[in-house]
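Enquirer: First to last, the protein sequences are chains F and H. Heads up, the final residue of the first sequence is numbered 362 in my numbering, and it's a clean run with no missing numbers. Heads up, the final residue of the second sequence is numbered 362 in my numbering, and it's a clean run with no missing numbers.
There's no promise every hint is true.
Note: identical chains are not told apart, hence a pair may lie in one copy or across any two.
Said to hold, decoys possible - 16 angstroms max Cα-Cα, derived EDC-like pairs, lysine to aspartate or glutamate: (1) Lys281 - Asp351; (2) Lys281 - Asp141; (3) Lys284 - Asp141; (4) Lys247 - Glu266; (5) Lys207 - Glu124; (6) Lys122 - Asp323; (7) Lys284 - Glu274; (8) Lys207 - Asp141; (9) Lys117 - Asp323; (10) Lys185 - Asp289; (11) Lys284 - Asp214; (12) Lys104 - Glu304; (13) Lys142 - Glu341; (14) Lys185 - Glu278; (15) Lys142 - Glu278; (16) Lys101 - Glu308; (17) Lys355 - Glu278; (18) Lys247 - Asp214; (19) Lys281 - Glu138; (20) Lys301 - Glu189; (21) Lys117 - Asp96; (22) Lys281 - Asp346.
In case anyone wonders, no lab produced these hints; they're calculated from the structure.
2 protein chains.
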Amino acid sequence: MSHPSFADVRDELIAKPGKSFDLSKRPTRHPKLFEDKKEAATCLKRDAAAIDELQDKLYAERGQALLVVLQGMDCAGKSGTIRKVFALTSPLGITIRAFKAPTEQEAARDYLWRIHGAVPAKGHIGIFDRSHYEDVLVVKVRKFAPKEAIERRYDEINAFEKLLTDSGTRVLKFMLNVGYEEQGIRLAERISEPHKRWKFNPRDLEDRQLWPDFMKAYETAVERCSTTHAPWYIVPSDSRTRRNAMIARIIRGTLENMAPDWPQPDPPLKLEDYDFS
Amino acid sequence: MSHPSFADVRDELIAKPGKSFDLSKRPTRHPKLFEDKKEAATCLKRDAAAIDELQDKLYAERGQALLVVLQGMDCAGKSGTIRKVFALTSPLGITIRAFKAPTEQEAARDYLWRIHGAVPAKGHIGIFDRSHYEDVLVVKVRKFAPKEAIERRYDEINAFEKLLTDSGTRVLKFMLNVGYEEQGIRLAERISEPHKRWKFNPRDLEDRQLWPDFMKAYETAVERCSTTHAPWYIVPSDSRTRRNAMIARIIRGTLENMAPDWPQPDPPLKLEDYDFS
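Could you build the full structure based on these sequences and the hints that come with them?
Expert: Written out as C-alpha cells, the structure reads:
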C-alpha cells in the first residue's frame, strides 16, 4: 500500500495563490487520499517520527524556523492536531502559543504586535493555535474593528508573513475545515463526555449561529492571504485521523525541503586539540 | 519484578531540609534502585505515559502548576532528561525555558526578574534548563557578583520559591550528579560523534577545570535551599536511563499527589439546555 506523497497532499489541499477561492467547493470529509483510517494512522505515525528527527536537526542547526498556523471553528481540532502531529517531537524546540481575546496590554498596540512577539526563534517550530487571522475572522464577523481597518489587514498580514519568510521562517497555514453537522456532534460531546466538559463554552454556540458569516470571512482571508511565500491549506477535518495525517504529511514534506542538518564546525574539531583528562 | 516506589526513590535522592549536606557522599552511579537498565527503561516508559495523562488533567483543571528545575554540570543530561521524561507529554501545557548568560535587559534587573517572568501558568508544567541557581553557582565560582550579594541569595531564593509554592506551583529541583570521569567521556563524544558536534563549546572545558569549586557551590546551594516546600533531589547521572527513570518516578509521584482532575461544572451541564442543531 503506497501512502500519498507530500506533493499529492499539498496539491489537493492548497488554496492556489492569486486565484479566486470558493470554500463551499472544499470537502470537509476526504476519503480519497488514504485507503482507509488505518492507512492514515500508519502514515501519521511514520510522519510524526520523521518530524521528530527533522526537528532535532533544525534545533541543532539554528538557521531556520517553521511557523505552523492553525485556524478553524470550535471543535475543528486545533489542540488534537498539535497533540497527535507532534506526539513524538521533543518539547525542546517547540513553541506553542494559543491566542485568545487580546489582553488590555495587547489591545493597546497594533494587532500584529503580540503575534510578532510570539514568532519562533531559529531552530524552533512555532505553533499558533489561532493567530493574527482572528483579526480578519471573528473581529470581522462580530465587527470589533472598523471595516476600513480590517480591509487593510490582508495586505498587512501578507507583508508581515513575507518579512518572516525572508528572514528564514517558513510559514504554513492550515484551515481545519470541519462541517457544520460534525461541529454540532462534537459540541454536544463536550457535555456528554466527562473529560471534555472543561472545554464547553456556551459562547461557542453563538459563533455557531454565525456560521455563514464565518465561512465568508474565511473565504476572503484565504483568497487574499494565500501567497506563494505563505500558502493556505484547507484540510478536511471531519475525520480526525485523516486530518492529522494530511497535516503531518505537509509538515514533514516542508521540513524535508528545508533540509536542516547537523552543523559541522569548520575547521573540523580534533580530539587531540583538547584535554579531557 | 517490582519497580521501586515513588517513596523509595524520593527518600533515596532527597537532600533532607535543614540537615547538613555532603555532596561527596552522593553517588554518581546508582545500581541499587533498579535491577538493571532494562527494568529502568520499562519503568521510565510507564511513568512517561502516566505523566502525559496527569498533565492532560492538570491542563484542563488550570488550578495548579508544576515547576521542574534541572541543574547540573555540562553533559549531565539536562536536555536528554527533558526529551525522555516528557517524551509522551503533549507539547501543549509544557513550557520550557533554558537560561543562558543574562541579556543586557535581564542584567539591568535583579537576578530573579527573568526567572519570575518564566514561571509556568496554572495548568502547565514548566521546565527550567538551568535556573536562578546559576546565580549562586557559576556566578559564585567565577565571581561575577559581590560575595555579600551572593550570600543574600539563598534566603531570597527560598522566599521566592515559597511564594510560588503558596500560590499553587509545586517546585521540584533536580541536581543531575554526573561524575568527573563520565563528563570527560561525554565531552569527548561531542567531538567524535558528528551529530553531537554542535553542542561542543571549548568553554565547557574551562568550567571542568573549576570542578571542585563548582561542587562546593552546589553543596552550599543544596544545603541552604533544600526546603520542605521545595526540596532538592540529587540524581546519580552517570547512567542516562536510570537517571531518567528516577526523575520520571519523582515527577509522576508528585503529580499523583497533586491529584489534578477533569473539572466538572457545577451545576452540571445538561444536553437539553443547548441547541446543537
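Enquirer: Indicate, hint by hint, whether the structure satisfies it.
Expert: Hint by hint, here is what the structure shows:
Taking CA atoms no more than 16 angstroms apart as the test, Lys281 paired with Asp351 passes between copies only; the shortest distance there is 15 angstroms, against 53 angstroms inside one copy. Proximity of Lys281 and Asp141 under a CA criterion of 16 angstroms is satisfied inter-copy only: 11 angstroms between copies versus 33 angstroms inside one chain copy. For the identical chains of this complex, Lys284 and Asp141 are inter-copy neighbours only, at 12 angstroms across copies versus 33 angstroms inside a copy, given an alpha-carbon limit of 16 angstroms. In the homo-oligomer, the alpha carbons of Lys247 and Glu266 never lie at most 16 angstroms apart, since the shortest distance is 36 angstroms inside one protomer and 50 angstroms across protomers.
Taking CA atoms no more than 16 angstroms apart as the test, Lys207 paired with Glu124 passes in neither setting, with 34 angstroms inside one copy and 38 angstroms between copies. In this assembly of identical chains, Lys122 and Asp323 lie within 16 angstroms of each other by CA distance solely inside one copy; the values are 12 angstroms within and 44 angstroms between copies. In the homo-oligomer, the alpha carbons of Lys284 and Glu274 lie at most 16 angstroms apart inside one protomer (10 angstroms), although the nearest pairing across protomers, at 47 angstroms, exceeds that limit. For the homomeric pair Lys207 and Asp141, the shortest alpha-carbon distance inside one copy (12 angstroms) is at most 16 angstroms, but the shortest distance between copies (29 angstroms) is not.
Taking the shortest Cα distances, Lys117 and Asp323 sit within 16 angstroms of each other inside one copy (14 angstroms), while across copies they are farther apart (51 angstroms). Taking CA atoms no more than 16 angstroms apart as the test, Lys185 paired with Asp289 passes inside one copy only; the shortest distance there is 13 angstroms, against 42 angstroms between copies. In this assembly of identical chains, Lys284 and Asp214 lie within 16 angstroms of each other by CA distance solely inside one copy; the values are 15 angstroms within and 31 angstroms between copies. In this assembly of identical chains, Lys104 and Glu304 lie within 16 angstroms of each other by CA distance solely inside one copy; the values are 12 angstroms within and 66 angstroms between copies.
For the homomeric pair Lys142 and Glu341, the shortest alpha-carbon distance inside one copy (11 angstroms) is at most 16 angstroms, but the shortest distance between copies (35 angstroms) is not. Proximity of Lys185 to Glu278 under the C-alpha cut-off of 16 angstroms is found in neither arrangement, the shortest distances being 24 angstroms within a copy and 44 angstroms between copies. Only between protomers do Lys142 and Glu278 lie at most 16 angstroms apart by alpha-carbon distance; the minimum there is 14 angstroms, versus 40 angstroms within a single protomer. For a Cα distance limit of 16 angstroms, the shortest separation of Lys101 from Glu308 inside one copy, 8 angstroms, qualifies, whereas the shortest one across copies, 63 angstroms, does not.
Only between protomers do Lys355 and Glu278 lie at most 16 angstroms apart by alpha-carbon distance; the minimum there is 11 angstroms, versus 60 angstroms within a single protomer. Taking identical chains as interchangeable, the C-alpha atoms of Lys247 and Asp214 are never at most 16 angstroms apart, the minima being 20 angstroms within one chain and 33 angstroms between chains. In this assembly of identical chains, Lys281 and Glu138 lie within 16 angstroms of each other by CA distance solely across copies; the values are 14 angstroms between and 32 angstroms within a copy. Neither within a single protomer nor between protomers do Lys301 and Glu189 lie at most 16 angstroms apart by alpha-carbon distance, with minima of 29 angstroms and 47 angstroms respectively.
When the C-alpha separation of Lys117 and Asp96 is checked against a cutoff of 16 angstroms, the pair qualifies only within one copy, where the shortest distance is 13 angstroms, while the shortest distance between copies is 57 angstroms. Taking the shortest alpha-carbon separations for Lys281 and Asp346, only the inter-copy value of 12 angstroms comes in at or below 16 angstroms, while the best intra-copy value is 40 angstroms.
In terms of the numbered hints stated before, the structure departs from hints 4, 5, 14, 18 and 20, listed from lowest to highest.
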